[in-house]
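Colleague: So the sequence lines, in the order shown, correspond to chains A and B. Just so you know, the working numbering puts 287 at position 287 of the first sequence, and the rest follows in order with no gaps. Converting from the second sequence to the working numbering requires adding 1000 to each position, the first position being numbered 1.
Hints are supplied without guarantee of correctness; some may be wrong.
What the hints assert, rightly or not - SDA-like, lysine to any residue: derived pairs with alpha carbons at most 25 Å apart:
1. LYS39/A / ASN1011/B
2. LYS39/A / VAL1264/B
3. LYS318/A / HIS1329/B
4. LYS39/A / HIS1329/B
As the list claims (entries may be wrong) - Here are a few chain B residues that sit away from chain A, every Cβ distance over 12 Å (derived from the structure):
5. TYR1013
6. MET1069
7. ILE1088
8. LEU1153
9. SER1167
10. ILE1241
Honestly, the hints are just simulated from the structure, not real lab data. Where is the CB? At the ideal position from N, CA and C, for every residue including glycine.
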Amino acid sequence: MNIDTFSKLQKEGLISDEEMQRITHTENTRLFSLHWEIKTVLYLGVLLLSGGLGILVYKNIDTIGHQVILLFIALLCIGCYAYCFRHRPPFSREKSESPNAFYDYALLLGGLTFVTFIGYLQYQYTAFGTAYGLATFIPMVVLFATAYYFDHLGILSMAITNFAAWLGIAITPMQILSQNDFENNALIYTGVALGIGLVVLAELSEKRDFKKHFAFTYRNFGVHIFFIASMAGMIIFENYYGYWFLLIAGGVYLTWLRAFRDRSFYFVLVAVLYGYFALSTFLAHLIFNHLDETIYLAFMYMIVSTVGVIILLINLNKKIKQ
Amino acid sequence: MIAWSSVTLDNLYIQDEADKAQQQGCISPETREAIRQAHPVKLYMPNIFTRVGLFILTCIVIAFSIGFMTLLSISADGGWTGFRAILIFAALLCIAALEFGIHEKKSYRSGINESLLWSAIGLILTGVIIENYDIPPTAIALLIFGLTFLATLRYADMVCAAAAFLSLLAVIYIRLAGPTDTWLPMFMMAPSLLMYLVATVLVKRKALRHYSNCLTLLQILSLITLYLTGNYYVVRETYSIAYDMTFEPGQRIPGESFFWTFTVMIPLVYLFLGTRKKDAILLRTGLILVAMIVFTIRHYHSIMPLETAMVIGGLIMTGGAWALIRYLHPPKHGFTYLASDEPGMADKLKVESLIIAQTFTPATGPADPGSPNFGGGSGGGGGASGDF
């Protein structure tokens, strides 16, 4: 806080002497926080340490042996969970505050090591044989249980990702477009269903008042998966593009309604952008494919429509702020 | 000079300060409301999502508009001159749109502004340089400097400020780098050091308060360039690329011991001064540059295998951080480990400019709220406060 600014405000009579005193006191006694710096160093240190240890183990796997590593991972996982069980806040349907920062990381590490353990087991010993589904199903169940029991949003995201992996879809943000084979028809239907399912879960969390704060995470994943999958459907199933467009339009409408009720500009933006993309694809199919000399028209359309979306977004921003 | 009215920007600052004071419980919500009423801000400042969206959309509009004009010009057959004219014309249109947005719509850091400004500069540069092989490099660097400097003065844009400083350094380098000159690194250090000192003085000047973000960025950048001009790796590689001096591995370069000392000492000096003066800029730049020390040394002397170095480094860092947290548990010497209770602290310490300085790319990556953001504290993952 800038003392000069506030003393000017004081002269204008906007803040009282008592408030001015409080500001001066706070400002003069404020300590220089090294929080950000120390945390960064700590994070980098852990990263280096785990990376280095990983390489060391990898190079010496012959002398160490897989069982020892598995045992180590299992012990780490059990240790983390034991710590969290000891310190966990009582279960509640609402958001429960975590006792300390370390608790969150311990829980996260516990979840990660559990997934690693199952993956390692399957990869090295094919413990689940050819029932590949089990290798993703078990971590999914455990992660969902952990997320709800200990109330952790990071774990919930991992659980949702695992759920999608169990269904055969990669939904981590970096891989959603690169790792999925959209030529695969079944995948598109699964994606649409998964998206709708997650949004329904979000609605249920809010309606039943059970872990309300999980709703955003569910909805966020659900909306994106739904739109990307149905967009892929619209492009792949060329003969039925009209139906897919209707589906997307319905999704945009519902997202839009919900976003306005929650006053969430993020979902308004998502609805507008996906809707715009779908509409453009639809028009391209409907008009541009049947005309000659369309390139000028297409350019004009792109320029005018994008300007239109910009103006729409600006106005919506004002509307939501009110 | 600056595009927005000075009073409005001052009011914006006052409102921010009032918000901070209220969040710390120094003033009552009523007082804050009174301050907001007395110092109104009429600017269009969208939230971060809209900003990113508008930036991308504006870029699309500009790209397609130029494409459209080019299509028209192909039929008119104007050749390169015609194309050049189109680019310059488009740049002028961008500037006109930018000025219109600022004056009529009060657009401030809206994503549209950045997109129009950077496109305009890029278009002018392309228009001048394309298919034009006679321009000396100095002229290009000077042109970039001129454009970005004017843009910084008018729009107080941080990316433009950074580009202006770097192009100025480029001009100096091109002018100085004559035939083999062992004193070149020393000459290059002077402008960086000067820039840092000047920026440090200017950032406190009241008349330049609207440029404080740009000046902070310049402080960080000049600290980094100052270090790089004397860094052993940079010097050695510059010598061998620019002057065709071939160094055998192990062969000494002129002033070897000086550059090694410089490489190792400067980040430590930054850290020391940062701690002494409680200056976050020096402290953080120093921290980042410590990584450069490690990189430089390891590049020439592989003392131990990578994984051993990683484990030892990790142990030292983790242990050091742990010890510091312990040591600062009751805060000592005015330092604390506790997160700053001032919510706007991240702004004040210019995290944004630090990130820009590190990557030199406009911060336009959409903050994907889907990525699990494993936060500490109350376990806020997935950006899940749900109220944006």
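Colleague: Against each hint, give a clear statement of whether it holds in the structure.
Modeller: Quick rundown of the hints versus the structure:
1. Restraint check for LYS39/A and ASN1011/B: not satisfied, since their Cα atoms lie roughly 34 Å apart, outside the 25 Å limit.
2. Our distance criterion of 25 Å between C-alpha atoms is met by LYS39/A and VAL1264/B, whose separation comes to about 24 Å.
3. In summary, the hint linking LYS318/A to HIS1329/B is not supported, as the alpha carbons are separated by about 46 Å, beyond the 25 Å threshold.
4. Between the alpha carbons of LYS39/A and HIS1329/B the distance comes to roughly 14 Å, so the proposed pair stays at or under 25 Å and holds.
5. For TYR1013/B, the shortest C-beta to C-beta distance to chain A comes to about 7 Å, within the 12 Å cut-off, and the non-interface label is violated.
6. With 12 Å as the threshold on Cβ separation, the claim that MET1069/B sits away from chain A is violated: the shortest Cβ distance comes to roughly 9 Å.
7. The Cβ of ILE1088/B sits about 19 Å from the closest Cβ of chain A, beyond the 12 Å cut-off, so the non-interface label holds.
8. With 12 Å as the threshold on Cβ separation, the claim that LEU1153/B sits away from chain A holds: the shortest Cβ distance comes to roughly 24 Å.
9. At the 12 Å boundary, the C-beta of SER1167/B stays outside the reach of chain A, the nearest C-beta of that chain being 31 Å off.
10. Listed as outside the interface, ILE1241/B is consistent with that label: its C-beta sits roughly 31 Å from the nearest C-beta of chain A, beyond the 12 Å cut-off.
The structure shown violates the earlier hints numbered 1, 3, 5 and 6.
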